[in-house]
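Novice: Residue numbers (numbering that gives the first Met the number 0), protein chains in the order written: chain A, 0 to 135; chain B, 0 to 135; chain C, 0 to 394; chain D, 0 to 394.
Errors might be hidden in some of the hints.
Unchecked claim - Derived list of chain C stretches under chain D, where covered just means 3 residues or more per stretch with a C-beta under 8 Å from a C-beta of chain D:
(1) 28-42
(2) 140-146
(3) 218-227
(4) 283-291
(5) 312-322
To be verified - Okay, derived cross-link-like pairs now, DSS-like style, lysine-lysine, Cα gap no bigger than 27 Å in a straight line:
(6) A:126 to C:387
(7) D:256 to B:57
(8) D:387 to A:19
Source of the hints: derived by calculation from the structure; they are not laboratory data. Every residue gets a Cβ at the ideal spot worked out from N, C-alpha and C, and that includes glycine.
Letter by letter, the chains look like this.
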Amino acid sequence: MTYSEELTELIEEFQEIDDKMERLEMVFDLADEVNLLPIDQWTDATRVNGCQSEAHVKVEIIDSNVRFYSGADSKLVQGLMGILTMAIDNGDANVVLTLTPDFATEMGILNSLSPSRSNGFRNMFDKVMNEIKTQM
Amino acid sequence: MTYSEELTELIEEFQEIDDKMERLEMVFDLADEVNLLPIDQWTDATRVNGCQSEAHVKVEIIDSNVRFYSGADSKLVQGLMGILTMAIDNGDANVVLTLTPDFATEMGILNSLSPSRSNGFRNMFDKVMNEIKTQM
Amino acid sequence: MREEFPILQREINGYPLVYFDNAATTQKPSVVIDAMNDYYSNSNANVHRAVHTLAGEATEGYESCRRELKSRFNATRAIITSGTTEAINLVAHAWGRANLVDGDAIILTEMEHHSDIVPWQMLAQEMNIELRYVPVQKDLTLDMELFEAAIKGAKLVCVVHISNVLGVCNPVERIVKIAKQNGAKVLLDAAQSAPHQDIDFGELGADFMAFSAHKMCGPTGIGALLVTDDAFNEMQPFMGGGDMIETVSIHGSTYQKNEQKFEAGTPRIAEAIGWTEALKWLNDVDIKSEHKRILDSARWLAKELRELGMTVYGRHDKNDAAVVSFLHPTMNSEDLAHLLDARGFAVRTGHHCAQPLLDRLEITGTVRVSLYFYNTHDEVVSFVDYFKEILERFA
Amino acid sequence: MREEFPILQREINGYPLVYFDNAATTQKPSVVIDAMNDYYSNSNANVHRAVHTLAGEATEGYESCRRELKSRFNATRAIITSGTTEAINLVAHAWGRANLVDGDAIILTEMEHHSDIVPWQMLAQEMNIELRYVPVQKDLTLDMELFEAAIKGAKLVCVVHISNVLGVCNPVERIVKIAKQNGAKVLLDAAQSAPHQDIDFGELGADFMAFSAHKMCGPTGIGALLVTDDAFNEMQPFMGGGDMIETVSIHGSTYQKNEQKFEAGTPRIAEAIGWTEALKWLNDVDIKSEHKRILDSARWLAKELRELGMTVYGRHDKNDAAVVSFLHPTMNSEDLAHLLDARGFAVRTGHHCAQPLLDRLEITGTVRVSLYFYNTHDEVVSFVDYFKEILERFA
Ligand SMILES: Cc1ncc(COP(=O)(O)O)c(C=O)c1O
Ligand SMILES: Cc1ncc(COP(=O)(O)O)c(C=O)c1O
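Please model the complete structure; the sequences and the hints are all you need to start from.
Specialist: Laid out in structure tokens, this is it:
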């Protein structure tokens, strides 16, 4: 599938890194990319299940434009949220809905993560997509 | 240790047989050697524990002479009783008490038997020896 | 298939092992043994709630067993237990104690294994529950008329799918239908049927199904309870401890919502990994035709034994297991088993943990030959030949 | 010793595995893996009550585990269970329900593992039993004054020998003495101590002792409950089924008199055989000096981590386990574990199934490094080196 320019760049950037530690460093850095969902807005409704740490997401759609807010107590998880932010935030909802978690596999981040973390990523992805669908 | 002539002969007879089946045939035949303890005299007191089948023994000592009565619903077990009969019946109690179950190992019967059966033999042997001791 | 089972190379007293004690436990193919070996040599770790690679592999291995169980038996809930016995005790404690009240009735059959009797006797005593036993008839089938009479007011029917003594397969579809019409739940003891049939738990409509890995080419120490969602939601926790909780404080605890609620403590990880391979191995077996093959051998064996003067207990109907239980008119059964063992034939004797059934048959035990897919007709023929020799020399 | 453990050859992400999650489960030496392999490849059969050779070998293998347990721990009764958790649940059901009455009190400590809390909470709810928790003090020890105050009128004391979070070894001799003076029984959770000490159960005077094979180089799916004869005689059956009965009829059943009374169903045969080898293997280890060696490494690690600004929870006294629980002032523990895993270091994070203890410490989890006899000081040094790198790059 075809990705936005920003996402394509990010995927390439990740693919260029061989060292797992460096890749993790990049994920950590991307934690700053989220639109932060403040802790006082974390609720059962925003919680991503199946994560070992607290991870919360919220979606707003304004004129079919996706706004993605998120936050986690794990910086690694929030880094994954940062990646998802770059992939979908400000995108057109209809385009966003065509996205699959494959892009994360292509980046090589999923197999840099433990199964529990990559399951966590999938759960987050599914939750966000479902929210978008329900709101449309 | 030294065995009675009868027992020595029996041990030698067994040692001469290579074939397990023949050895079992001989054990079966020896079931007739017991002084039969009739079923109506089988009680909890006569029961040998740890046998899979019903096995019962009784000892009488008259003038320090051992009389050994026994019976089982398994012919194989009763055959083992027959062997014990040949080993101790009519013997002097003091001499009988020096006997150990080693003679059965020497005969090669214990390793022709399943562990449960050879345990059964040991239990029977111990019970009989204990009875002799208590009665003396 | 035989070369996949290392133990079949074994010799006993210089003779090739002929393993005819499959209703007690089956042998394991290399894939099962190797998977456990590999787990202990490469991936061993405790499961759940850990980040490191080995823990991830162990968790994935453990949970793959649950997935494989659900898919093989078409179930939505698979609780992993230590075996059939624990699975049935789990129903008694987790469902029975929470949902039955003083004066309720449970239906059992006279054909049940002790593991499907004693837990209910214990519960009956504790809670004043009535136990109604469906009798076994002369033709070795359940008296369905008396079952229909007994079902009125019963809350639970516990029935063995295939008898481990007789091989008789009970009409469970009919039993489930009648139970459902009367609002009773059904617990199926599938210890002997899960190895021999492709069972569709969802389609069958029973509420609980218990079985053991070791009787279907899997390891010892593990089994399962399949449960419908409805029945699952009625179950209260049984054993307490790690893994089954959500939160614990000194004021009280909350529990997991999924199957882990009933899997307290470190689970049977290597065993689950071994069982997964056994389930996959079974998926690749053409069970229908293999079953027919060994059942035919069992029928032939039953006929031969009858001709030799043995009393055979079994009918060997289409869905019955390839089990031949018999008695010699005078020879002691353990003696027979002993003589058989001398030439490498492994059979079981005794009450087979089904004393009420034997009481009904007015016997105290049988000699039992039970076949599985790796047995051959040649083995059965050699059994009969040697059996004749025994009769000549020892009877 | 390391070459006896096949898994220590494993690489994770191209780096050698450094396995520091031993309090969760230990690795297995080849003798253990091979014994199970051999059992499945050569002797697999169901145990008890069978005549054939394989059944005899399997029974002997299974019972050898009981003998080995009794001899290693100097006990007269060893009941084989699926693990510590089932062993404790067994005490709650088999002893607790039969011997406690409405209004009785049980003493627990805030240091207990969930497996030694939840079964008692469930029993307390069912029978209206009072649970009294002995608090953990600032110095991470039990408040023995409050224990002595709480003991009055209590029927049972449940105490963890060594904390799986802190490594702290509790003064069990004193606890047993005080309990006995007050007529209370003592259940020792020895899940963490059995692997690290030579325990003399007979000498110690506790009534029950629960532990798991998998934490002491044995297989998953098996554990034991040691019981004194007196306490054994007070226990009623827990789970019902095959192997635990003497006779069954539709009118009722009688039970075995020995340990089998509490081992319903086909037991954990391969697991028992594997555990026997692990127990023998441990008999050959010089536990005292090995313990001192890894405890010294743990002390050094604790010091280094403190110097790096970590909060370390533990005191590392002479008999404490070589466990180092710590927290980074800001970094998320799972993230740390994740970064450690990237270079092959396996540590555990989370509540370690001891939430009440963490509540007392006012934290929700720790990063836990737990060492065992096959760990080397070099591994600990490389851990610290890499940990510094993590702090530089990620903190
Ligand atoms: C102190 C303590 N008690 C009990 C347990 C429970 O052991 P298992 O999960 O093997 O039943 C553990 C280990 O998880 C433990 O560390
Ligand atoms: C019909 C039936 N039910 C229950 C059981 C008990 O199974 P397990 O001993 O594996 O718990 C068996 C096997 O022994 C069986 O044949």
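Novice: So, for every hint listed, does it hold in this structure?
Specialist: Verification of the supplied hints:
1. 28-42: holds (count 8)
2. 140-146: violated (count 0)
3. 218-227: With 4 residues close enough to chain D, the hint holds.
4. 283-291: It is violated: at least three residues are needed, and the segment 283-291 of chain C offers just 0 whose Cβ sits closer than 8 Å to chain D.
5. 312-322: Coverage by chain D is violated here, the residue count being 0 at a Cβ distance below 8 Å.
6. A:126 to C:387: Violated, at about 70 Å.
7. D:256 to B:57: Cα-Cα ~25 Å, so holds.
8. D:387 to A:19: Distance of about 17 Å is within 27 Å: holds.
In this structure, the earlier hints numbered 2, 4, 5, 6 are contradicted, and the remaining ones agree with it.
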